[in-house]
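Protein chains in written order, with the numbering used here: chain A, 1 to 416; chain B, 417 to 661.
Worth flagging that the hints you see were computed from the coordinates, not collected in a lab.
Okay, derived cross-link-like pairs now, DSS-like style, lysine-lysine, Cα gap no bigger than 27 Å in a straight line:
hint, chain 1, residue 1, chain 2, residue 2
1, A, K366, B, K530
2, A, K342, B, K530
3, A, K180, A, K245
4, B, K514, A, K342
5, B, K619, A, K130
6, A, K270, B, K635
7, B, K650, B, K530
8, A, K240, A, K180
9, A, K130, B, K575
10, B, K608, B, K660
Distance ranges between label pairs, derived from CB positions:
hint, chain 1, residue 1, chain 2, residue 2, range
11, B, D553, A, T203, 43 to 51 Å
12, B, E561, A, S168, 52 to 60 Å
13, A, K366, B, S581, 44 to 52 Å
So these bits of chain A aren't anywhere near chain B, every CB distance computed over 12 Å:
hint, residue
14, D84
15, C297
16, Y378
The model shown is predicted, which means the values in this text are computed figures rather than measured ones. Here a beta-carbon is modelled for each residue, glycine too, at the ideal position from N, C-alpha and C.
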Amino acid sequence: MDLEQRIEILSAGAKYDASCASSGSDRAGGHGANVASGICHTWAADGRCISLLKILMTNACVYDCAYCVNRSSADTPRAALTPDEIASLTFEFYRRNYIEGLFLSSGVVVSPDRTMELMLEAVRKLRQEKRFTGYIHMKVIPGASRELIDQAGLYADRVSVNIELPTSGSLALLAPGKTKEGILRPMSRLAEKISASRDERRTIKSSPAYAPAGQSTQLIVGATPETDLQIMRLSDALYKKMSLKRVYYSAFVPVSPDNRLPALLEPPLKREHRLYQADWLLRFYGFSVDELLNEKCPCLDLTFDPKTMWALNNLEKFPLEVNAADYSELLRVPGIGVVSAKKILRARRAGRLSLEDLGRLGVVMKRAVYFVTAGGKYNGLKRDSAEAIKVRLLEKKEPAAQQLPLFGTAAAQGEL
Amino acid sequence: MGAYVYDGSFDGLICAVKAAAGDPAAEITRTSPPQEGLFSRAVEVEASQQESSAFLRQLDSLSDVETPEKMKLCFLWNGPEKESLLLAYARMAFSRGKELNNMLADPVVARVHKAAAAVLREAHRLKGFLRFSELQDRTLYAKMEPDHNVLPLIAGHFKRRMASSDWVIHDTARNLAALYFGGRLRVAELDKTQPPPFSDGEKEAVGLWRAFFNAVAIKERTNPRLQQGFVPLKYRSNMPEFDKD
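All chains, full assembly: derive it from the sequences and hints.
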């Protein structure tokens with residue numbers, strides 16, 4: 001099979017991995033330099049950012065996970081790339097400014113250890129023989145020995161182990177070859193190594209960086225019955241206990257018929273989008289999981305974004321006077337994001353703000369108008385009720401707002 | 417009423433702003449002299465690097481360092497009436513002092529900050545969208561037609577990224593190029609000439625890239641409108657993954 005056909009098979013096999021971040025590292029000195037904010041080089045026809053050569057070393061696999069396009073029982077053509085091919089392909093793409101670097105994943109061939117050895121060989125060649133100092137994201141294969149796992153972070157800027165499904169029950173059902181324990185063990189080992197290297201580099205600057213862009217993971221949404229509450233609690237724990245940089249959510253795309261899988265007409269993209277919004281609220285907006293979801297309402301609303309829902313459920317906290325509110329309060333207003341909240345604080349130093357001023361500061365007044373006053377002036381609804389506001393918001397909703405560009409962008413740019 | 421004419425250079429513009437700042441009815445135009453009205457006089461402002469940096473330092477101390485930074489970015493901006501906008505902005509540095517750049521709700525300050533942000537946004541975009549082709553001597557050549565004059569903002573990035581290759585970035589909308597050979601970077605005028613022939617490996621690399629680009633999209637999620645929001649059509653003619661066969 002020629003190289004082009006193998007690339008087609010192996011990138012099609014890697015495409016369900018959502019991560020494409022190239023941020024958080026600033027390696028330089030050889031061929032290539034990383035940019036701390038990350039760079040997107042193009043966007044694919046599905047609207048997902050491409051910043052890395054996202055590819056499998058091989059799509060052959062000994063496991064038979066029901067949700068996976070590369071499951072061993074799938075009737076699909078199999079291909080592989082050698083470590084040399086992976087290294088020179090990355091290098092040639094990088095020189096032409098097609099990509100920021102490599103995202104290397106793989107099906108499991110022979111054994112987890114053998115797979116990791118081959119992947120490590122590819123990234124070692126890229127770093128040492130090609131003197132490549134661009135970005136590398138490397139998947140760690142669960143079940144590989146500790147020594148091999150430890151080596152991954154020496155070459156890669158970011159490492160990740162996919163958690164795949166939110167609970168061990170779902171794993172047992174759909175991925176009988178994998179256990180929650182087997183996934184969490186390498187994850188916590190990586191977290192340990194990353195934090196140890198950070199500490200060491202604080203005192204000895206010259207000591208080698210270990211996965212300087214940290215660790216991420218991904219889970220599949222909609223293949224199993226877990227609620228958004230369960231998923232967000234899991235993410236929250238991963239951010240807090242494993243110090244993960246990102247949790248990616250991947251709407252389940254039915255790739256092979258299997259009676260253990262739900263029959264979906266289309267991937268739950270809206271739900272995935274809402275999970276990303278809620279995830280952003282946890283990481284950048286100071287929200288806790290319990291504020292967004294609870295046992296009575298364990299699922300994110302599909303019609304309204306989670307911040308608007310929170311505000312509608314807490315109308316007694318509004319309207320907020322923009323000339324007096326502090327940063328954390330401003331962040332909780334629908335239509336005000338991180339950038340516009342900072343602008344409000346800054347502009348306030350030069351004078352009092354009116355409602356008309358807010359638009360110039362980047363506030364989305366269409367949403368914010370129900371929740372703010374400026375100099376005591378309020379332009380929202382006279383008799384405020386959550387339902388009345390909902391009706392108004394729906395009337396004003398443009399079709400363009402149906403899918404916000406949150407998904408898979410290299411930089412944290414979401415404004416909620 | 418005075419018309420101040422400058423030569424199109426950054427220093428020329430700053431010197432014209434300085435000259436016009438005290439003249440309430442002044443307007444600034446670029447080289448081509450304005451129509452001589454009954455009461456207007458055209459003043460040709462000479463571009464002086466020394467005078468321009470001194471004025472920028474003065475604006476810095478009146479307000480803050482953001483003022484000269486924004487003015488540099490606005491100079492690269494390709495928007496309407498940037499001369500009168502910068503004149504109004506500079507005058508406000510005198511009248512409003514330290515609070516100038518906090519006045520984000522003021523129409524002039526908001527327009528200046530927005531223009532600067534638009535220039536930076538396009539520079540960031542092109543750091544990703546620029547595509548190099550390999551020539552026969554292994555020099556890498558990239559062509560672009562940006563809205564704003566972002567070449568000075570991206571050249572340093574590519575110097576860091578491709579320090580050990582020789583390369584050319586050609587702004588064919590402005591006949592300007594960044595040339596990096598043997599570790600030295602310079603910016604020079606360069607006409608719309610056809611680049612020398614591509615290397616033997618170039619066609620294969622493009623083919624592999626296109627194969628990757630097409631295969632990595634998830635069919636079930638196809639969303640061309642979302643894609644177009646991120647990669648506007650105007651950039652695609654220089655991106656081989658969007659070439660029509």
